[in-house]
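Trainee: Note that the protein sequences, when read in sequence, are chains A and B. The numbering of the first sequence is numbering that gives the first Met the number 0, which starts it at 0 and goes up by one. The numbering of the second sequence is numbering that gives the first Met the number 0, which starts it at 0 and goes up by one.
Hints are computed from structural coordinates only; laboratory data are not their basis. Mixed in with the good hints there might be a few duds.
[Said to hold, decoys possible] Under 10 Å between C-beta atoms, here's a sample of chain A residues computed to sit facing chain B:
{"id": "1", "residue": "F1"}
{"id": "2", "residue": "P27"}
{"id": "3", "residue": "K127"}
{"id": "4", "residue": "M134"}
{"id": "5", "residue": "D136"}
{"id": "6", "residue": "I139"}
{"id": "7", "residue": "V170"}
{"id": "8", "residue": "N172"}
{"id": "9", "residue": "K202"}
{"id": "10", "residue": "G204"}
{"id": "11", "residue": "L208"}
{"id": "12", "residue": "W231"}
{"id": "13", "residue": "L246"}
{"id": "14", "residue": "W282"}
[What the hints assert, rightly or not] No more than 25 Å apart at the CA atoms, straight line, and that leaves these computed lysine-lysine pairs for PhoX-like:
{"id": "15", "chain 1": "A", "residue 1": "K211", "chain 2": "B", "residue 2": "K286"}
{"id": "16", "chain 1": "B", "residue 1": "K202", "chain 2": "A", "residue 2": "K211"}
{"id": "17", "chain 1": "B", "residue 1": "K141", "chain 2": "B", "residue 2": "K286"}
{"id": "18", "chain 1": "B", "residue 1": "K211", "chain 2": "A", "residue 2": "K286"}
{"id": "19", "chain 1": "A", "residue 1": "K211", "chain 2": "B", "residue 2": "K284"}
{"id": "20", "chain 1": "B", "residue 1": "K22", "chain 2": "B", "residue 2": "K3"}
{"id": "21", "chain 1": "A", "residue 1": "K239", "chain 2": "B", "residue 2": "K286"}
Computed from a predicted model, the values in this text were never measured in an experiment. Cβ coordinates follow ideal geometry from the N, Cα and C atoms, glycine included.
2 protein chains.
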Amino acid sequence: MFNKIVIFGVGLIGGSVALALKKLPNPPQIIGVGRSDHSLQEALSLGLIDQAVTDIASALENADLVLIAAPVAQTPAILRTIRPHLAAQTVVTDAGSTKSDVMAYAQAELGDQFSQFVGGHPIAGAEKSGPGAAMADLYIGKNVILTPATVTSTAAVQKVTTLWQNCGALVSNMPPEEHDSVFAAVSHLPHLLAFALVEDLAKRGNAELLFKFAASGFRDFTRIAGSHPEMWRDIALANKQALLQELSSYQRAVSEMTALLESNDAEGLFALFEHASQARNAWAKSKIQ
Amino acid sequence: MFNKIVIFGVGLIGGSVALALKKLPNPPQIIGVGRSDHSLQEALSLGLIDQAVTDIASALENADLVLIAAPVAQTPAILRTIRPHLAAQTVVTDAGSTKSDVMAYAQAELGDQFSQFVGGHPIAGAEKSGPGAAMADLYIGKNVILTPATVTSTAAVQKVTTLWQNCGALVSNMPPEEHDSVFAAVSHLPHLLAFALVEDLAKRGNAELLFKFAASGFRDFTRIAGSHPEMWRDIALANKQALLQELSSYQRAVSEMTALLESNDAEGLFALFEHASQARNAWAKSKIQ
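Next up, chain A with everything else stripped away, as it sits in the complex (with noise of 0.2 Å):
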């Protein structure tokens, strides 16, 4: 199906989808660019990418398809730079955790080429990053979600379903500002909520006690804010409009189980707690399966 693929970004989430797609029976030649040379040199060692190329030119050059795995601040430069050297059956998708965004710059930086390109996000991520920390069973059982634009190509939604179901994922379409929205309430909420706690802990000044008796329910509500600063700084101005709904219908409900508190109704927090339980509990066993 794929003779040959560039990939931008041969970290964790790029790196994974190449070593997948070398598992294949005719595994298509896999080209890396990236920003540190460092990076691709270790690609290239590791076996991720077959060569590291720095000229775009010859990099596109018959390629099925360009993956865009860098940070997503990048997306509109190297949009911008492999604009030039096209061709019309080579598709463009990206990796990237929010996609009104990515859509937009896509269509700014593709002119009549946007048809061409098509968002998307895998639901994927372990806590290491780089090269080194790639693994060829990332995606394996994973959502992968697309969001394609009503302009783009039938034939392109195809080729990156085709990508992604190679790598093992499960793949399904929506619309981008519903991926943005959705990704707002069980992602991007809970990451800035967790900063937000730990945080406020943080410069109190009896901080050192404060975390010497927080145990493993502190341990696992705050892992998300151990993320990196710069990415989550990028995901919450990218999708502030449906950030900023969540912040307020979450305060709402904090709001309304303080007030539960303060009356001292029983009956209702206990209402409210075994209804999330069950909820989460439920959840929890859907994903194992």
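Chain A is already provided as a structure; the job is to place chain B on it using the hints.
Mentor: Here is chain B on its own, set in the frame of chain A:
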């Protein structure tokens, strides 16, 4: 050191103390008392206790120490039951998650024998509960906080300290009010915030879609929302004042973060996320040792 120990509630918490003591060179006799005949029989057959007793008078005869490891709501009734049979050399302690309320119960129920009571809180737990979940090593390296009152006998505090040190725990003392304010911040608040988030999503029309795409960040953040609703209702109400303060402080912190986002303050968001992620990662590192 101990010849006879009486445990009210031989589930995960009480049963794990029993198992740890059984490993001592000269293990004490361990008597189990409980509301559920089924649990007591299970504890007997698992070897957690030497005897299951319903007659409180004979259970307490010559006992060195009574450990109350039942739900906190049962503590006043248990104290009332043991009071008539409580000899001067018997020390009483508990394992509840809130301490101001327990100290007040003990003062009210034990009268002039209140000096024999030492409030305690082992900071340890596990996913499972009941006698079958008990583990001899549950408390190794874990913190246990004792909250003696000014009238508490030094010998009683020493006895309870030895009990937990025999289980491998690290014992600290602090006033009950300070305990409750620390745990409002690092435990009770995160639990309520997780319940609120899950409930806010679960009651929406598109909850199924949201949960479908919720992934590992959501899983860890909300793990504690799967906790026991009855226990958390009781903790919230018992620690109401400290918890209301924490909820209000947290709402303020979220409002400040929201203001940064609203005004596109990229630097401010980055500084907040960076400070929080450094604090979180330093904490996690300090806990591994």
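Trainee: All hints, please: hold or fail.
Mentor: Hint by hint, here is what the structure shows:
The criterion of a C-beta within 10 Å of any C-beta in chain B is not met by F1 of chain A, whose closest approach is roughly 27 Å, and the hint is violated. Residue-level restraint check for P27 of chain A is violated (minimum Cβ-Cβ distance to chain B is 28 Å; threshold 10 Å). Nearest Cβ of chain B to the Cβ of K127 of chain A: about 13 Å, over the 10 Å cut. The hint is violated. Taking 10 Å as the C-beta contact cut-off toward chain B, the hint placing M134 of chain A at the interface is violated, the least distance being around 14 Å.
With its C-beta approaching chain B no nearer than about 15 Å, D136 of chain A sits outside the 10 Å limit, and its interface hint is violated. Contact between I139 of chain A and chain B, as hinted, is not supported at the beta carbon level, the nearest pair being about 14 Å apart and thus beyond 10 Å. Interface restraint check for V170 of chain A: the shortest CB-CB distance to chain B comes to about 13 Å, outside 10 Å, so the restraint is violated. Interface restraint check for N172 of chain A: the shortest CB-CB distance to chain B comes to about 13 Å, outside 10 Å, so the restraint is violated.
About 8 Å separates the beta-carbon of K202 of chain A from the nearest beta-carbon of chain B, less than 10 Å, and the hint is met. Nearest Cβ of chain B to the Cβ of G204 of chain A: about 12 Å, over the 10 Å cut. The hint is violated. Given hint, L208 of chain A at the interface with chain B, holds; its Cβ is 6 Å from that chain's nearest Cβ, closer than 10 Å. Interface hint at W231 of chain A: satisfied, since its Cβ lies 5 Å from the closest Cβ of chain B, which is below the 10 Å cut-off.
Because the beta carbon of L246 of chain A sits about 5 Å from the nearest beta carbon in chain B, less than 10 Å, this interface hint is met. The beta carbon of W282 of chain A comes within 5 Å of a beta carbon in chain B, closer than 10 Å, and the hint placing it at the interface holds. A distance of roughly 9 Å separates the Cα atoms of K211 of chain A and K286 of chain B; the hinted pair therefore holds under the 25 Å criterion. Restraint check for K202 of chain B and K211 of chain A: the C-alpha separation of about 36 Å exceeds 25 Å, so the hint is violated.
Among the hinted pairs, K141 of chain B with K286 of chain B is consistent with the structure: their alpha-carbon atoms are about 10 Å apart, no more than 25 Å. A C-alpha spacing of about 9 Å is found between K211 of chain B and K286 of chain A, which places the hinted pair at or below 25 Å, so the restraint holds. In summary, the hint linking K211 of chain A to K284 of chain B is supported, as the alpha carbons are separated by about 12 Å, within the 25 Å threshold. The straight-line distance between the Cα atoms of K22 of chain B and K3 of chain B is roughly 15 Å, inside the 25 Å bound, and the hint therefore holds.
For the hint pairing K239 of chain A with K286 of chain B, the CA-to-CA distance comes to about 34 Å; that exceeds 25 Å, so the pair is violated.
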